[in-house]
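S.K.: Each chain, letter by letter, is given below.
Number of protein chains: 2
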Amino acid sequence: MAGFSSNTEQNILVAARKVFIEKGRDGARMQEIANEAGINKALLHYYFRSKQKLFEAVFLEAFDKFLPQTELLISSDKPFFEILKSFIENYIGLILENPHIPGFILHELSQNPENIAQFISSRVNHLPVLIEKIREEMAQGKIKPMDPRQIMVNIIGLCVFPFVARPIIKAVFFQDDDTAYEIFLQERKNEVYNFILNSIKPC
Amino acid sequence: MAGFSSNTEQNILVAARKVFIEKGRDGARMQEIANEAGINKALLHYYFRSKQKLFEAVFLEAFDKFLPQTELLISSDKPFFEILKSFIENYIGLILENPHIPGFILHELSQNPENIAQFISSRVNHLPVLIEKIREEMAQGKIKPMDPRQIMVNIIGLCVFPFVARPIIKAVFFQDDDTAYEIFLQERKNEVYNFILNSIKPC
DNA sequence: GTCTATATTGTGATAGAC
DNA sequence: GTCTATCACAATATAGAC
Chain S
9 MAGFSSNTEQ NILVAARKVF IEKGRDGARM QEIANEAGIN KALLHYYFRS
59 KQKLFEAVFL EAFDKFLPQT ELLISSDKPF FEILKSFIEN YIGLILENPH
109 IPGFILHELS QNPENIAQFI SSRVNHLPVL IEKIREEMAQ GKIKPMDPRQ
159 IMVNIIGLCV FPFVARPIIK AVFFQDDDTA YEIFLQERKN EVYNFILNSI
209 KPC
Chain P
9 MAGFSSNTEQ NILVAARKVF IEKGRDGARM QEIANEAGIN KALLHYYFRS
59 KQKLFEAVFL EAFDKFLPQT ELLISSDKPF FEILKSFIEN YIGLILENPH
109 IPGFILHELS QNPENIAQFI SSRVNHLPVL IEKIREEMAQ GKIKPMDPRQ
159 IMVNIIGLCV FPFVARPIIK AVFFQDDDTA YEIFLQERKN EVYNFILNSI
209 KPC
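Note that the protein sequences, when read in sequence, are chains S and P.
Counting the first sequence from 1 gives a position; our numbering is that position plus 8.
Counting the second sequence from 1 gives a position; our numbering is that position plus 8.
Hint data in this document are derived by calculation from the structure and do not stem from the laboratory.
Please note: incorrect hints may appear among the correct ones.
Pairs count within a copy or across copies, as identical chains cannot be separated in the list.
Stated by the list, open to error - Here are the simulated lysine to aspartate or glutamate pairs, EDC-like style, with alpha carbons at most 16 Å apart: (1) K197 to D155; (2) K31 to E122; (3) K150 to E90; (4) K26 to E40; (5) K26 to E69; (6) K61 to E17; (7) K141 to D85; (8) K73 to E145; (9) K150 to E140; (10) K152 to D185; (11) K49 to E17; (12) K26 to D155; (13) K86 to E195; (14) K73 to D85.
Make the full structure from the sequences, and use the hints.
M.R.: In structure tokens form, the structure reads like this:
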């Protein structure tokens, strides 16, 4: 079977995801990953050579998963706002399932922005098409005239920020009540969509 | 003179800010802080006892500075949207002067959320007043009816996110062109205000 | 207050038996 | 493939001279 990986290798990856994403590259310890995987440190190096290599495996996988899949926004023939609604719901749903990954990615990229440029370019070659599509909507009077990039940053920011700022928001608004905070997050699927809708749709 | 601190202590703090905020607590090295301050490691411990204590000095100062000063939003008698406009301009202006602090705070809080609850409570005791004020605006039909906390999270998120996600945004939208990205950031003072305005003002 | 030197522990990585 | 034992060095912290 192509792409088959040993059980141990998978166990290591599962453990490494957990520890790296929670503690960050600098805060993570190979010992903790080994414990989490139920093996010893030496095996980590046997499979991945170094901490850096293991980190890269975890990071690239997470990055690939969370770089917004904007292809859907282009290919579909449904009305733009319908596609937008499902995009927002899907993206927030993805974060709800992996709430610590966005903060992990943003932090690690801030630490090490250099080597990302080339890596990104191959995954955003359809971006100009999306921008063009937004411009068409504007030309048809369906969206207010504004910089499409500002719109996109706003959308992603509104989806991501409540998770990245979880401890502050939970403490400030919800007195650290987890349940209340979870409800707040669930509501954001509609909240973000309505917010975006109202701000870019002409009156 | 009350609150006087030695020149060396100040040099250490300046250096510690730079290194901690850039590298994070785990990524920071006492040696690097010492080099940056032009002294040796031993002096760091003489003044601050431990890495953790020095980190806390830097973190609490940054946190205090960046926890939004919402008092202004309450005390002023000007129209709500005017105050909001200057709040957004001031807050983005603050971030423009210290672009790495928001990411630093968010990351460190994610690592260590426990001990923040009590610390926050003393600084947000006027929050209920602000929420009440927003509710009044809603009752008067000046703002659409919605959860005030969602509005506040949206405002802060739109201000903060472009800075926290700097490497991605710069790479994806600006091919790593610093100048273009800086212009984009400058435009956000108006962008965020208009975006918020359109989304919460009734048509 | 500031330095050099050193203690002490932590941590990534490797050697080598099984 | 997996383990134990260990190396080599990095990093926080302290002792003690000046």
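S.K.: Now look at each hint and say whether the structure bears it out.
M.R.: Here is how each hint holds up against the structure:
no., hint, in the structure
1, K197 to D155, "between (24 Å within a copy, 14 Å between copies)"
2, K31 to E122, "between (22 Å within a copy, 15 Å between copies)"
3, K150 to E90, "within (13 Å within a copy, 28 Å between copies)"
4, K26 to E40, "within (10 Å within a copy, 29 Å between copies)"
5, K26 to E69, "within (13 Å within a copy, 31 Å between copies)"
6, K61 to E17, "within (13 Å within a copy, 39 Å between copies)"
7, K141 to D85, "within (11 Å within a copy, 43 Å between copies)"
8, K73 to E145, "neither (28 Å within a copy, 41 Å between copies)"
9, K150 to E140, "within (14 Å within a copy, 35 Å between copies)"
10, K152 to D185, "neither (39 Å within a copy, 27 Å between copies)"
11, K49 to E17, "within (13 Å within a copy, 41 Å between copies)"
12, K26 to D155, "neither (38 Å within a copy, 34 Å between copies)"
13, K86 to E195, "neither (24 Å within a copy, 32 Å between copies)"
14, K73 to D85, "neither (24 Å within a copy, 47 Å between copies)"
Of the hints listed earlier, those the structure fails to meet are numbers 8, 10, 12, 13 and 14, in rising order.
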